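Number of protein chains: 2
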Amino acid sequence: MQQDLSKISTRAPKDMEKTETKEKLVSILEELDELQNLLFAEGKHSLLVVIQGMDASGKDGAIKNVFGTLNPQGVSVTSFKTPTPEEIGHDFLWRIHKHAPLKGTIQVFNRSHYEDVLITRVHKWIDDETAFKRMKAINNFEKLLLQHNQTHVLKFYLHVSKEEQEERLNERISDVTKQWKYNENDFKEAKLWDDYMKAYEDCFEQCNEVPWTIVPADQNWFKEYTIASAVRDTLKDLNMKYPGMKKE
Amino acid sequence: MQQDLSKISTRAPKDMEKTETKEKLVSILEELDELQNLLFAEGKHSLLVVIQGMDASGKDGAIKNVFGTLNPQGVSVTSFKTPTPEEIGHDFLWRIHKHAPLKGTIQVFNRSHYEDVLITRVHKWIDDETAFKRMKAINNFEKLLLQHNQTHVLKFYLHVSKEEQEERLNERISDVTKQWKYNENDFKEAKLWDDYMKAYEDCFEQCNEVPWTIVPADQNWFKEYTIASAVRDTLKDLNMKYPGMKKE
Numbered sequence: 000m001q002q003d004l005s006k007i008s009t010r011a012p013k014d015m016e017k018t019e020t021k022e023k024l025v026s027i028l029e030e031l032d033e034l035q036n037l038l039f040a041e042g043k044h045s046l047l048v049v050i051q052g053m054d055a056s057g058k059d060g061a062i063k064n065v066f067g068t069l070n071p072q073g074v075s076v077t078s079f080k081t082p083t084p085e086e087i088g089h090d091f092l093w094r095i096h097k098h099a100p101l102k103g104t105i106q107v108f109n110r111s112h113y114e115d116v117l118i119t120r121v122h123k124w125i126d127d128e129t130a131f132k133r134m135k136a137i138n139n140f141e142k143l144l145l146q147h148n149q150t151h152v153l154k155f156y157l158h159v160s161k162e163e164q165e166e167r168l169n170e171r172i173s174d175v176t177k178q179w180k181y182n183e184n185d186f187k188e189a190k191l192w193d194d195y196m197k198a199y200e201d202c203f204e205q206c207n208e209v210p211w212t213i214v215p216a217d218q219n220w221f222k223e224y225t226i227a228s229a230v231r232d233t234l235k236d237l238n239m240k241y242p243g244m245k246k247e
Numbered sequence: 000m001q002q003d004l005s006k007i008s009t010r011a012p013k014d015m016e017k018t019e020t021k022e023k024l025v026s027i028l029e030e031l032d033e034l035q036n037l038l039f040a041e042g043k044h045s046l047l048v049v050i051q052g053m054d055a056s057g058k059d060g061a062i063k064n065v066f067g068t069l070n071p072q073g074v075s076v077t078s079f080k081t082p083t084p085e086e087i088g089h090d091f092l093w094r095i096h097k098h099a100p101l102k103g104t105i106q107v108f109n110r111s112h113y114e115d116v117l118i119t120r121v122h123k124w125i126d127d128e129t130a131f132k133r134m135k136a137i138n139n140f141e142k143l144l145l146q147h148n149q150t151h152v153l154k155f156y157l158h159v160s161k162e163e164q165e166e167r168l169n170e171r172i173s174d175v176t177k178q179w180k181y182n183e184n185d186f187k188e189a190k191l192w193d194d195y196m197k198a199y200e201d202c203f204e205q206c207n208e209v210p211w212t213i214v215p216a217d218q219n220w221f222k223e224y225t226i227a228s229a230v231r232d233t234l235k236d237l238n239m240k241y242p243g244m245k246k247e
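These protein sequence lines are chains A and B, in that order. Per numbering that gives the first Met the number 0, the first sequence runs over residues 0 to 247. Per numbering that gives the first Met the number 0, the second sequence runs over residues 0 to 247.
It is possible that part of the hints are untrue.
Here are the simulated EDC-like cross-link-like pairs (lysine to aspartate or glutamate), alpha carbons at most 16 Å apart as the crow flies [what the hints assert, rightly or not]:
#, chain 1, residue 1, chain 2, residue 2
1, A, Lys177, B, Glu41
2, B, Lys245, A, Asp185
3, A, Lys180, B, Glu41
4, B, Lys63, A, Asp32
5, B, Lys63, A, Asp185
6, A, Lys180, A, Glu200
Just so you know, these hints were derived from the structure itself, not from any lab. Predicted model, so just to flag it, every value in this text is computed and none were measured.
Isolated chain A, as found in the complex:
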């Protein structure tokens, strides 16, 4: 059954308390540090963390605050922007596949292959038939990573309200340390809100062999806690062990 994003809250559950949750985050980040070391030492698995969301939904902040304390040697972040002519000359997964994580490491995608069924679709650069074909290819691609290289894919949609987005976009005009992020197109894109929601809902329904996590993202502390917890749980479930001495 298709999700209706307008019926899903963009805020933390009422029983979550900010200060307490922030303290929990600190201890999760410590666990993550240890788990990342194991991941690297064991060298059997890898993690691909996909971060999607509307402009100003807090993708950059999430990446900084969840992955910023890990060992940078085992984490890599790739931001996918407008494709280059060389990238456009290939299938839409070509530029993505290049950045699949190496065993033992965590790869974070700031935007991803999902843009090829989101912005492209909302602007009608591709028709629906193409979009649905691409969503099938995405399923296959994500399965390939898991089945053939033990790459565990985690997909997060940062769910902000229209009102929160507007407030944050306006801050990019008023705050001198944020002005460099300002892009007048963001306001134009914001007007296409409903089309974006529809396109996201289709992604959640069609590309669900690896499940999505919808992250209430109006409050940064809850967003960060949710992502960090999910990453920790995934790593813990791998039951990793230090491999001992390598045989030459």
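Using the hints provided, position chain B relative to the given structure of chain A.
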């Protein structure tokens, strides 16, 4: 005049105090966080940080503790290992150049193009004539980065004593969380100590258009402080400013 590494101390100066230096490091890392944000926002400069040193000289730890608190979106770490057949089929700087930092970002090299005049030379896989030709090419390459893309290169040699190295290599046998790092070749390489020192001394003399920093590295706290301070000073000297609103 050529440096004599055996005459340079591998320990912190006597007047440096551990606890106090560690506190200073914390405040430098906070400064770095702000400076990195500016570097990214302004988007004019980039930093290439080269970390070289003998096995167990503490390269991994330095990278984790100096760059681990920065925003991972603006830092990338590349470890250079044995070249692949495709890499060997090109000039020795081909695989390096690919990882030159994008404007606004920091790229850390764990080992680097210097291996092509170090391990290769110590094992006589190349002759001295080739080695000296390569060192000239390295000078030109590092100048290219600075002059044509505002890439500031910082080169650190982690200077440990033979005794400290031996102790750390032995830990890789006894400590279960470190065994995965153990490589029996490390002990063979350690026997070539004097040849390595000579090869490093030649690098410092020949590849000095971008100067080297020799980092006393027997004590991790002093090593980290020295590297972090140098990175901070370099970034501060750039006199960066938030660029304000972009014109479309």
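Do the hints match the structure? See the list:
1. A/Lys177 <-> B/Glu41: Answer holds: lysine 177 of chain A to glutamate 41 of chain B is near 11 Å, not above 16 Å.
2. B/Lys245 <-> A/Asp185: holds, 13 Å
3. A/Lys180 <-> B/Glu41: holds, 11 Å
4. B/Lys63 <-> A/Asp32: holds, 11 Å
5. B/Lys63 <-> A/Asp185: Given that 16 Å is the threshold and the Cα spacing comes to 36 Å, the pair is violated.
6. A/Lys180 <-> A/Glu200: Given that 16 Å is the threshold and the Cα spacing comes to 27 Å, the pair is violated.
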